[in-house]
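Engineer: As a plain string of letters, each chain reads:
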Amino acid sequence: MATILLLGIFALAPPTAVRAFDTPDDGGSQITVDWQLSKDDAILDGYELYRSENETDFEKIGFMIGRGRNNIVDEQTQDGKKYYYKVAAVKDTVKSYSDLSAPAKSSPQWINRRKINIIVTLIFLGGIILYFIYQARKGKEFFIRKIAGLQAIDEAVGRATEMGRPILYCPGIGYIEDIATIASLNIIGEVAKKCARYNTKFINPHFDPIVYTVAREIVKESYSAVGRPDAFDPDSVYYVTDSQFAYAAAVDGIMVREKPATNFLIGWFRAESLILAETGASTGAIQIAGTDQVSQLPFFVTACDFTLIGEEIYAASAYISKNPMLLGGIKGEDSAKFIIIALLIVASLFGLLSKFPILNLFD
Amino acid sequence: MKRTLPLILVLICGVLGIIPFLIPHPIVQTTDGFFRDIVLRIIGAFALVLGLGSLLRVHYDKIKRRQNNWEYSWVLIITFIVVSIIGLFGGTQGTGPLPTRIGTFAFDIQSLYLNIEVPLGSTMFALLAFLMASAAYRAFRARSTEASLLLVAAFFVMIGILPLGDRISHQLPSFAQWIMDVPNVAGQRGIQFGVVLGMLTTALKIILGIERSWLGGGE
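Protein chains in written order, with the numbering used here: chain A, 1 to 363; chain B, 1 to 219.
Fair warning: there could be bad hints in the mix.
Stated by the list, open to error - Examples of chain B residues lying across from chain A (beta carbon under 10 angstroms, computed):
| no. | residue |
| --- | --- |
| 1 | Phe46 |
| 2 | Ala136 |
| 3 | Gln188 |
As the list claims (entries may be wrong) - Within a straight-line C-alpha distance of at most 25 angstroms, the following computed BS3-like cross-link-like pairs (lysine-lysine) qualify:
| no. | chain 1 | residue 1 | chain 2 | residue 2 |
| --- | --- | --- | --- | --- |
| 4 | B | Lys64 | A | Lys220 |
| 5 | A | Lys220 | B | Lys62 |
| 6 | A | Lys146 | A | Lys337 |
Treat the hints as calculated values from the structure; they're not laboratory data.
Treat the numbers as computed from the prediction; the structure is a model and nothing was measured.
Even glycine gets a Cβ: it sits at the ideal position worked out from N, Cα and C.
Chain A extracted, bound-state conformation (with noise of 0.2 angstroms):
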């Protein structure tokens, strides 16, 4: 009650300095507007934008902004129009106008700046990554520490081979655009090539059916590459369904009344991961799994006899494929990786010594 006496008696300070401008790095239609904050900002319920586009007839535009701000972006602008702005303080019915901000127009950017630093990174990280590949084109061998997962695949197929049972290839529940598939689709060839010169039946049931036609592709290719295309089985990889839990009910399914001798669970996994790998342990068949999802890593790890961490699944088919270009690839990226641990050392080394006031190094 007395802060509204007060106001009545002395008028809210007006927010000043008000500037409109394009907002920089975007797709147009976006003005941002910013301003000093009232000299009453502690006290206000907010503030108000208002938007002419003649300098005397102002709409509000959008909803009150809390106190303690100082700017918004205005999303719903015409590219090229001139707009005028003020804010308002508001406390209660009272409300104090700012002055009128200079004209501003927006439009939309052919480049946005602020991602220049990520495509450098990139650019750089590549950079290093294609040296090693040119390195490995030009006939320099490099040395590929063992991943045990892998190395059982071998082993993995002649046991399936020897048992007279198939072998189990499930992708999981990733799309064609998440890079988890591609890498298992990049295995999946490896893997087909395998049972075809074993003459080892392979199931491959899908979650998605753009993966599938892919799949399906590719294992096609490699029983043809082996001199095998006769012992395709155009069923051995199919759609099953893009229910999550229907999935993994069906390749559990599959998992208890096939019993193949080994699992690969390689792809994009999620909440399913635990149910297949636990069913497929319950079989007793070896199961080699893999995933970049951090959250289902400890389940496979867990469930199965060998897990694919991370970026092992990325490594995976230059690994089998024994390819130098691939595996200067890698080689690449273990020297990216090495870049950026140091940098990270570094930049600790740095962060510790700021802690030091008697160093007063860094202020």
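With chain A's structure known, arrange chain B on it following the hints.
Structural biologist: Then chain B, alone, in the frame of chain A:
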């Protein structure tokens, strides 16, 4: 040509996919949206027809050859036909020409989804509780140093988040939280760095045609 054309297409699509990340201009964003929303959806529709064809063929063959549990394939085929008819002629919410309601009993697609698929999905999801217990039993058997460390860490985390933990010591909940926030997050971030670099490498190798495993034949 059989291999060159896909490689050229991948190169073009890969580069076109990067450009909208850097250029916010509506011309570029609209074109990108057209490819992602329209073209990909059309491809998806064709792929879905192929996929459903494969599913029906597999189950038809199973019935024809009287393979194990072939009777269940009839369930799939009949359900597929019935639900397709309801969906095509009854509409998703019973607004089509085909009546999808007898008294209070509705069997339009939305009702079938909410009353059959959702509970069945929840049932599968609920299995996780039991599977987690059996997986935890295997993981916590202290057969190696790593497994023992896991067991000790899990013990502190589990007891720390229980009210009992706070009764034992006021420090236990914060210690459990520290395990989750520091060593756990550090490990996860390490994996994430590798994953991102792996993604970059894979994308580069595929766009530049170095990785050709997806073509099936290798070289």
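Engineer: Which of the numbered hints above does this structure break?
Structural biologist: none
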